[in-house]
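Turn these sequences into a full structure, and let the hints steer you where they fit.
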Amino acid sequence: MGSVKSIPSPAISADERSHEVDHPSSQVAHFGTEQPLRLDCGVDLSPFQIAYQTYGELNADRSNAVLICHALTGDQHVANVHPVTGKPGWWETLVGPGRPIDPKHYFIICSNVIGGCMGSTGPASINPVTGKVWGLDFPVITIPDMVRAQAMLIDRLGIDTLFAVVGGSMGGMQVLQWTAAYPERVFSALAIACATRHSAQNIAFHELGRQAVMADPDWRGGGYADHGIHPHRGLAVARMAAHITYLSDAALHRKFGRRMQDRDLPTFSFDADFQVESYLRYQGSSFVERFDANSYLYLTRAMDYFDIAADHGGVLAKAFAGIQTRFCVVSFTSDWLFPTSESRALVHALNASSARVSFAEIETDRGHDAFLLDVPEFFDISRAFLQSAGKARGLTLEDR
Amino acid sequence: MSVQEVLPLNGVATGRSGQFRADHLLVAEMVKPGSKVLDVGCGEGDLLQLLETRGIDGRGIELSREGVNRCVAKGLAVVQGDADTDLVNYPDDAFDYVILSQTLQATRQPRVVLENLLRIGRRAIVSFPNFGFWKMRLQLLIGGHMPRTENLPATWYDTANIHFCTIKDFVQLCDEINVKMERSVALDLYGRPVPLNLPWWVWNMFGEQAVFLLSRGGGK
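For the record, the sequence lines run as chains P and V. Heads up: the first sequence begins at 1 in the numbering used here, then just goes up one per residue. Heads up: the second sequence begins at 1001 in the numbering used here, then just goes up one per residue.
Hints are computed from structural coordinates only; laboratory data are not their basis. A few of these clues could be false.
Selected chain P positions facing chain V (in silico; Cβ < 8 angstroms) [unchecked claim]:
#1 328
#2 356
#3 357
#4 358
#5 384
One side of the interface only, derived from the structure: several residues of chain V facing chain P at Cβ under 7 angstroms [to be verified]:
#6 1065
#7 1068
#8 1078
#9 1090
#10 1091
Backbone N, C-alpha and C define an ideal beta-carbon position, used for all residues, glycine too.
Right, here's the structure in full:
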């Protein structure tokens, strides 16, 4: 049997990654001890910082601000070249010049979530008390905590009401949390490929990912940073498993089928004979270059705990009672991570609250990932929804 | 109550020419400006767009994904849903008017749907093709086959319309479930209202479609 190639070590050093953690290549809002972040777990996090990007200009009425909420492994670099990977912004299909969310019309804000690893305070940040990396001493955070921190940032930016809050997947959860927690501060909400609670199956997948991280000997009980190492193998396996859930059987079959990678015959080894294996290994190894393993544990946990109805006596409609926010809910037919049934349950609750809601299910075989890809029907819907809301908000969306 | 007792609208301009369908114009005339409306089976949103031009806060439900997505791409507040199963999710008195335009005959339970319309909305506006129209009768009587018309071109085996009724049948259902008919108009083949002073059987014979403005009846 030939040698077995395992997942390669990251090309980017831990130093480069950790530099972004405390000194991000973006704007940063610092919150001192006088402004703690009150976390659901009972801890007051203080001091803390939120790293964020903005695009476009706030208008004189301060009425054109759009907050983009990123998904599990996203960050604030929504529409600019990523400082670590050098790749384009993660949502340049939706956000940017000529796109549905155009900086010509809107003041676009995107912040790294609390618990993240791209400049907002999280487990990879330095704990000011010990002078060492937080690691597992960092308090467990929730989706409502992320949104509370964003609200403090929005306050800092002098914005009272957001014209729109937009996000997919974990970003969509934040959108829904915004409308449940601050309905009067959200004029319109675009919630894509998400749910009002994390399903048992999704919690199960997250647990699989966390166990993969924790099974890596380099994890060191979460204290790897003190040893100058990173559990990149465990994190890569977690990413590979998660990545499968973002796709669909049909998409994998179309993209790879059973085709072989750079060979015609099987090698009778555990090398990556199949293209799909090679692809997954690449996904795993490129992910660990830019993401912190403990941050992955914390953010997946935040999603697991998310359940809006549970916070409102078990009745989802109560979370949205009397809400004036205009909603647009979008799901994708082949998304089995956040299936249409989850969006439909949300829409039923919004209907029961007499909320103004549009709901479109878009046909695609690209699975959960579709929200990040080039899906023209999704862009048409997003653009029209925001234009219609903009009209109601009195925004000038014609070319200036 | 018979159709004769029901007052039709005055001064409604209808016709097939122009941007909007005759029954849509008629429905729009029945809705007071500034009210909140749910259009059940809103298709591609033509009626909702017409209502929007009149300052009406309109929402829609549509069964087909293509229809919904076209509506949402027009900026309309439309959700994918089924009149038979999804109306239960709406609270009582959520709307001033609930509109069911040319959809009643395609529902599985027209009676339950009608009851739901008047639970969710203080008023309901229902339009439907009249199966008692003379052309329908003639095709069945002389041709001996299931009727097909310009507006209902589908064959019996692929039509979505599973519960056809006549104007007479509909009036009877309204009486049965204690629904008050506030206004009604029958439109002829050319989308013109059938003259008021004709007896009801003329409506049932010459009305190609009918539009009813309904409200909840008093206790029986």
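Here is what the structure says about each hint:
Annotation: residue 328 of chain P was flagged as interfacial toward chain V, and the flag holds, the nearest CB pair being 7 angstroms apart, inside 8 angstroms. With its C-beta approaching chain V no nearer than about 5 angstroms, residue 356 of chain P sits inside the 8 angstroms limit, and its interface hint holds. For the restraint placing residue 357 of chain P at the interface with chain V, the shortest Cβ-Cβ distance is roughly 6 angstroms, inside the 8 angstroms limit, so the hint holds. For residue 358 of chain P, the interface hint holds, since its Cβ comes within 8 angstroms of a Cβ in chain V; the closest pair sits about 4 angstroms apart.
Using the Cβ-Cβ criterion of 8 angstroms, the hint placing residue 384 of chain P at the interface with chain V is satisfied: the shortest such distance is roughly 4 angstroms. At about 6 angstroms, the closest approach between the beta carbon of residue 1065 of chain V and any beta carbon in chain P falls short of 7 angstroms, and the interface hint on this residue holds. At a threshold of 7 angstroms, the smallest CB-CB gap from residue 1068 of chain V to chain P is about 6 angstroms, leaving the interface hint in force. Taking 7 angstroms as the C-beta cut-off, the interface hint given for residue 1078 of chain V holds, the closest approach to chain P being about 6 angstroms.
A cut of 7 angstroms between beta carbons decides the hint on residue 1090 of chain V: the least distance to chain P is about 5 angstroms, and the hint holds. Given the 7 angstroms rule on beta carbons, the hint for residue 1091 of chain V holds: about 6 angstroms separates it from the nearest Cβ of chain P.
Every hint, counting from the list given before, is met by this structure.
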